[in-house]
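There are 2 protein chains.
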Amino acid sequence: MTALLDRGRALTTPVLRAAVERLAPPMDTVAAYHFGWIDAEGRPSDAAGGKAVRPALALLSAEAAGAPPEAGIPGAVAVELVHNFSLLHDDLMDGDEQRRHRDTVWKVHGPAQAILVGDALFALGSEILLEMGTVEAGRATRRLTVASRKLIDGQAQDISYEHRDLVTVEECLHMEGNKTGALLACAASIGAVLGGADDRTADALEAYGHHLGLAFQAVDDLLGIWGDPQSTGKQAWSDLRQRKKSLPVAAALGSEGPAAARLAKLLAEDAQKSQAEFEDFHEAEFAERAALIEEAGGREWTSQEAQRQHTTAIQALDSIPMPGRVREQFAALADFVVVRQR
Amino acid sequence: MTALLDRGRALTTPVLRAAVERLAPPMDTVAAYHFGWIDAEGRPSDAAGGKAVRPALALLSAEAAGAPPEAGIPGAVAVELVHNFSLLHDDLMDGDEQRRHRDTVWKVHGPAQAILVGDALFALGSEILLEMGTVEAGRATRRLTVASRKLIDGQAQDISYEHRDLVTVEECLHMEGNKTGALLACAASIGAVLGGADDRTADALEAYGHHLGLAFQAVDDLLGIWGDPQSTGKQAWSDLRQRKKSLPVAAALGSEGPAAARLAKLLAEDAQKSQAEFEDFHEAEFAERAALIEEAGGREWTSQEAQRQHTTAIQALDSIPMPGRVREQFAALADFVVVRQR
Numbered sequence: 001m002t003a004l005l006d007r008g009r010a011l012t013t014p015v016l017r018a019a020v021e022r023l024a025p026p027m028d029t030v031a032a033y034h035f036g037w038i039d040a041e042g043r044p045s046d047a048a049g050g051k052a053v054r055p056a057l058a059l060l061s062a063e064a065a066g067a068p069p070e071a072g073i074p075g076a077v078a079v080e081l082v083h084n085f086s087l088l089h090d091d092l093m094d095g096d097e098q099r100r101h102r103d104t105v106w107k108v109h110g111p112a113q114a115i116l117v118g119d120a121l122f123a124l125g126s127e128i129l130l131e132m133g134t135v136e137a138g139r140a141t142r143r144l145t146v147a148s149r150k151l152i153d154g155q156a157q158d159i160s161y162e163h164r165d166l167v168t169v170e171e172c173l174h175m176e177g178n179k180t181g182a183l184l185a186c187a188a189s190i191g192a193v194l195g196g197a198d199d200r201t202a203d204a205l206e207a208y209g210h211h212l213g214l215a216f217q218a219v220d221d222l223l224g225i226w227g228d229p230q231s232t233g234k235q236a237w238s239d240l241r242q243r244k245k246s247l248p249v250a251a252a253l254g255s256e257g258p259a260a261a262r263l264a265k266l267l268a269e270d271a272q273k274s275q276a277e278f279e280d281f282h283e284a285e286f287a288e289r290a291a292l293i294e295e296a297g298g299r300e301w302t303s304q305e306a307q308r309q310h311t312t313a314i315q316a317l318d319s320i321p322m323p324g325r326v327r328e329q330f331a332a333l334a335d336f337v338v339v340r341q342r
Numbered sequence: 343m344t345a346l347l348d349r350g351r352a353l354t355t356p357v358l359r360a361a362v363e364r365l366a367p368p369m370d371t372v373a374a375y376h377f378g379w380i381d382a383e384g385r386p387s388d389a390a391g392g393k394a395v396r397p398a399l400a401l402l403s404a405e406a407a408g409a410p411p412e413a414g415i416p417g418a419v420a421v422e423l424v425h426n427f428s429l430l431h432d433d434l435m436d437g438d439e440q441r442r443h444r445d446t447v448w449k450v451h452g453p454a455q456a457i458l459v460g461d462a463l464f465a466l467g468s469e470i471l472l473e474m475g476t477v478e479a480g481r482a483t484r485r486l487t488v489a490s491r492k493l494i495d496g497q498a499q500d501i502s503y504e505h506r507d508l509v510t511v512e513e514c515l516h517m518e519g520n521k522t523g524a525l526l527a528c529a530a531s532i533g534a535v536l537g538g539a540d541d542r543t544a545d546a547l548e549a550y551g552h553h554l555g556l557a558f559q560a561v562d563d564l565l566g567i568w569g570d571p572q573s574t575g576k577q578a579w580s581d582l583r584q585r586k587k588s589l590p591v592a593a594a595l596g597s598e599g600p601a602a603a604r605l606a607k608l609l610a611e612d613a614q615k616s617q618a619e620f621e622d623f624h625e626a627e628f629a630e631r632a633a634l635i636e637e638a639g640g641r642e643w644t645s646q647e648a649q650r651q652h653t654t655a656i657q658a659l660d661s662i663p664m665p666g667r668v669r670e671q672f673a674a675l676a677d678f679v680v681v682r683q684r
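Protein sequences appear in the order of chains S and H.
The first sequence stops at residue 342 when you use the working numbering, and every number in between is there.
The second sequence stops at residue 684 when you use the working numbering, and every number in between is there.
Same shape as in the complex, but just chain S:
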């Protein structure tokens, strides 16, 4: 598993760095900081990047279509650029000050640079693909653009949910399908599209990626409440601090019984509070909310949902032929996504 992620990172990073070097100063420096290649003072750095699930998927996707993994590289780079565009803008919109144990770009370089560099990475994603000049690259860019719009829709929904008392499980899954599922779906199919796969193959790979994304997000939602800050790099009770209506909360509120009722009452009161009042909460108050979510079944339901999405993801691959080794690696990636601790 680690070998697969390492391969994705090793083949993608040099091309990604070369792409980012195209940015005009000071955007190239700001982007290099975001990716962890330099620190806030501009010194070379080797900060831990993301898990690199998307690049691994894109290369595997090329192999699913019978092409060499290298055929997926421009797709992997384009997807990484779009993913990081969304991180830059989301961190600013959400006011998140930390990502991967480091200060976020808007915190270090200011809001304008976070907006600008995000915009530039977004544009660069299409540019990298379209300059290939092939019909396949045009198809890949179209899929990437559709996925990007879903990503943006998902963020819009996520923001609007934070101002609401109640979000249903269905609304939450729809939002997460957009915000996380769409780009993983694109990563899982873009290599195949670049490798010349037909639409049926690309669509099946997209379905795998979509459900993988929902499994990934279900685990993320669990880690956002019960994750170990040492592993996740986020504050304890991170999602509760932000009043996020994540899956465990939605599932808990949708259940019956005294724990759900008490939780609903507390969250309704919380919604009336200012962010400052909220941040003054004692740890025990977040712990109480987390315990109620668990008692109302939100933790267990979300854990099972991750398993259900995992199963659906694997099944989506049954309809298309691919080398046995590639199929096994898609399965291993799905296993990794649901057992990870960060």
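By construction, these hints were calculated from the structure, which means they are not laboratory data.
Just so you know, these numbers come straight off a predicted model, no measurement behind them.
Glycine residues also receive a C-beta, built at the ideal position from the N, C-alpha and C atoms.
Do not take every clue at face value.
[Claimed, not checked] Derived pair list, reagent style SDA-like, types lysine to any residue, alpha-carbon separation capped at 20 Å: (1) H:K586 to H:K607; (2) H:K586 to S:A112; (3) H:K449 to S:S160; (4) S:K107 to H:G437; (5) H:K449 to S:G110; (6) S:K107 to H:S502; (7) S:K107 to H:A454; (8) H:K449 to S:I159; (9) S:K107 to H:D436; (10) S:K107 to H:I501; (11) H:K449 to S:A112; (12) H:K449 to S:P111; (13) S:K107 to H:P453; (14) S:K244 to H:P368; (15) H:K449 to S:D94; (16) H:K607 to H:W579; (17) S:K244 to H:A454; (18) H:K449 to S:G95.
[As the list claims (entries may be wrong)] Stretch by stretch, here's where chain S covers chain H in the computed footprint (C-beta under 8 Å, at least three residues): (19) 429-435; (20) 480-493; (21) 496-508.
Since the structure of chain S is provided, determine the placement of chain H on it from the hints.
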């Protein structure tokens, strides 16, 4: 001339509105407010939009390639979407509270919506083109993406120049070529690309649009200092209030003599002031700076520069064949751009 702009607006607006309706709520409403189709309370409105130079150019561009004007519509819509993405983000980054006599989106709907809706319009631009599924649409999208990156580079340069004492005329022209020239170049060529023109034709049209953009921006820079607030919809001395290093300022500072020296001294002092102190200036203090810029020759130089760019734009068309009527309309558009009062 008005007929040409009206045709562009009439053929483009319905397709633009249908595209914007694809956005998920509340982004569709926020975008409709930005375009002036509804007011801040959501009531239908008919606010004066932009001058619609870009749509007119895109349709004319199709005709230059021997295609019907309608062939340029998806290009006109895509360019308008990218243009408005940049307005939404720039207004937020620059802290501009008014555009076209109305409160800007971040002022009415908050920064997060300005970022999100900008992102969505940007993605929609490529989506509209790529879903045509033709080779020409792929080429058009590639040109649009390259232009978008230049647009972003130009905004990055513009922001960095505001913190500097001195910007040369060359730096200023380079920034304005990116910020204004690139997208007008794209508008002037995208219809031809969609209409099947070869690269030589598209490149000549791009050159026309690039120089037209520089002429446009030179006039904008004049209006930004000496424009009538009633016509421009901006505050008097608008660019001086923002300490913009626009062409008249750069040209004045690059000249010799007592007015340039006195201006340099004043602007160096201004650079030390906070934005709040600066906004407390009396009108007379802005008037003094404007008078010094004029005395140092900055106004006259910029006015001549607009004429020079106008001439170069027209000459760029000489190398390619096109119907005489279309050539006349390109010339009329260039004339309009340099004589406009808003």
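Consistency of the hints with the structure:
1. Between K586 of chain H and K607 of chain H the alpha-carbon distance is near 16 Å, which keeps this suggested pair within the 20 Å criterion.
2. Simply put, K586 of chain H and A112 of chain S have alpha-carbon atoms about 16 Å apart, close enough for the 20 Å limit, and the pair holds.
3. Distance restraint check for K449 of chain H and S160 of chain S: the Cα-Cα separation of roughly 18 Å lies within the 20 Å cut-off, and the hinted pair is therefore satisfied.
4. Straight-line distance between C-alpha atoms of K107 of chain S and G437 of chain H comes to about 18 Å, which keeps the hinted pair within the 20 Å bound.
5. For the hint pairing K449 of chain H with G110 of chain S, the CA-to-CA distance comes to about 19 Å; that is within 20 Å, so the pair holds.
6. With a C-alpha separation of about 18 Å, the suggested pair K107 of chain S and S502 of chain H falls inside the 20 Å cut-off, and the hint holds.
7. For the hint pairing K107 of chain S with A454 of chain H, the CA-to-CA distance comes to about 16 Å; that is within 20 Å, so the pair holds.
8. With a C-alpha separation of about 18 Å, the suggested pairing of K449 of chain H with I159 of chain S holds against the 20 Å cut-off.
9. This hinted pair checks out: K107 of chain S and D436 of chain H have alpha carbons roughly 18 Å apart, not beyond 20 Å.
10. Note on K107 of chain S and I501 of chain H: the hinted pairing holds, with a Cα-Cα distance of about 18 Å set against a maximum of 20 Å.
11. Between K449 of chain H and A112 of chain S, the direct Cα distance comes to roughly 16 Å. Compliance with the 20 Å bound is thereby established for this hinted pair.
12. Proposed proximity of K449 of chain H and P111 of chain S is supported: the alpha carbons are some 16 Å apart, at most 20 Å.
13. Among the hinted pairs, K107 of chain S with P453 of chain H is consistent with the structure: their alpha-carbon atoms are about 16 Å apart, no more than 20 Å.
14. A hinted pair counts as satisfied when its Cα atoms are at most 20 Å apart, and K244 of chain S with P368 of chain H qualifies at roughly 19 Å.
15. Distance restraint check for K449 of chain H and D94 of chain S: the Cα-Cα separation of roughly 18 Å lies within the 20 Å cut-off, and the hinted pair is therefore satisfied.
16. With a C-alpha separation of about 19 Å, the suggested pair K607 of chain H and W579 of chain H falls inside the 20 Å cut-off, and the hint holds.
17. For the hint pairing K244 of chain S with A454 of chain H, the CA-to-CA distance comes to about 16 Å; that is within 20 Å, so the pair holds.
18. The straight-line distance between the Cα atoms of K449 of chain H and G95 of chain S is roughly 18 Å, inside the 20 Å bound, and the hint therefore holds.
19. Counting residues of the stretch 429-435 of chain H whose C-beta sits closer than 8 Å to any C-beta of chain S gives 3, which meets the bar of three, so the coverage hint holds.
20. Beta-carbon proximity to chain S at under 8 Å applies to 7 residues in the stretch 480-493 of chain H; the threshold of 3 is reached and the given coverage holds.
21. Residues of the stretch 496-508 of chain H lying with their CB closer than 8 Å to a CB of chain S number 5, which satisfies the three-residue condition for coverage.
Checked against the numbered hints given earlier, this structure breaks none of them.
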